[in-house]
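Peer 1: Those protein sequence lines, which keep their order, are chains A and B. All residue numbers for the first sequence refer to my numbering, where the first residue is 13 and numbers rise by one. All residue numbers for the second sequence refer to my numbering, where the first residue is 7 and numbers rise by one.
Any given hint might turn out to be false.
What the hints assert, rightly or not - Calculated cross-link-like contacts (lysine-lysine; reagent style DSS-like; alpha-carbon spacing at most 27 Å):
1. K31/A x K73/A
2. K160/A x K31/A
3. K73/A x K182/A
4. K41/B x K161/A
5. K160/A x K9/B
6. K77/A x K31/A
Keep in mind that the hints were calculated from the coordinates and are not lab data.
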Amino acid sequence: MSCCGCCNNGCTAVRDIEKTGTILLVGNPNVGKSALFNRLTGADATVSNYPGTTVDYTEGKILIKNIHYTVIDVPGAYSLEARDRAEEVAVNMLGEHRDATVVIVLDATRLERGLYIALETIERGYRVVVALNMMDMARDRGISTDQKKISDLLGVPVVQTSATGGEGIKQLADMVTQARSSDVNEILARATGGR
Amino acid sequence: MPKRLSEMEFGTTGTVMEIRASSRQINALGIRVGKELRMITKQPIRGPVVVTVREVGVAMGLELASEIIMDVRSE
């Protein structure tokens with residue numbers, strides 16, 4: 013039995029066999045995770061209070077290729093070795109969603125700094141898609157990014173986005189189903205050219 | 007000449023020689039040995055410092071900054 017698709021919110025009888033998944037938006041503070049979150053989920057955002065902390069996270073829904081994803085806007089973090097409460101929440105959320113697809117959000121104008129937590133996330137075995145966000149601002153500042161090279165080096169899909177301008181949102185959503193895990197040792201070998 | 011990052015003067019530039027604090031945490035901010043940093047803001051009353059790493063601003067407390075040893079370029 014499967015959902016007939018004739019309704020948007022009924023089908024309670026078959027809800028339990030719907031395919032579901034979780035998407036975590038992870039990245040440094042102020043890289044546009046929340047803006048991207050709002051673009052992906054529309055106005056359906058609800059704010060929840062994460063138990064035990066004072067830091068909020070936001071949760072929403074998106075349907076991609078017949079999979080009902082819960083999208084979680086994780087608080088910004090520089091690394092997965094938590095230094096403050098917000099980072100603790102980020103680390104805990106990753107820990108609680110081992111099967112999640114992680115969208116690593118990078119600020120294209122400060123690419124290098126975001127790669128640290130990107131590699132930490134990859135190191136922990138998550139299936140990852142990279143969103144090179146703030147592309148509009150990067151272009152304005154004359155910063156060019158080689159999307160294919162980053163993708164080849166990291167071994168995961170990379171999508172260029174501008175959450176404020178709406179660029180690349182559809183592509184990012186489509187790419188979620190193609191998220192891949194990668195191996196940090198192989199990334200290192202590729203990055204250093206086998207040196 | 008070697009100097010703590012916390013002791014660098016406003017507007018000076020230097021190269022990171024040694025990280026005495028948890029280097030992983032400082033690395034996550036984009037600061038690694040060999041990186042060039044420029045001091046762009048020093049706050050009074052032992053307030054935080056802001057340095058730029060390749061045009062990206064990074065703020066940190068004075069205590070953390072005192073554990074980063076810099077080779078400061080003479081002006």
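Peer 1: Does each hint hold? Answer for all of them.
Peer 2: Here's how the hints hold up against the structure:
{"no.": "1", "hint": "K31/A x K73/A", "result": "13 Å, holds"}
{"no.": "2", "hint": "K160/A x K31/A", "result": "31 Å, violated"}
{"no.": "3", "hint": "K73/A x K182/A", "result": "15 Å, holds"}
{"no.": "4", "hint": "K41/B x K161/A", "result": "23 Å, holds"}
{"no.": "5", "hint": "K160/A x K9/B", "result": "41 Å, violated"}
{"no.": "6", "hint": "K77/A x K31/A", "result": "10 Å, holds"}
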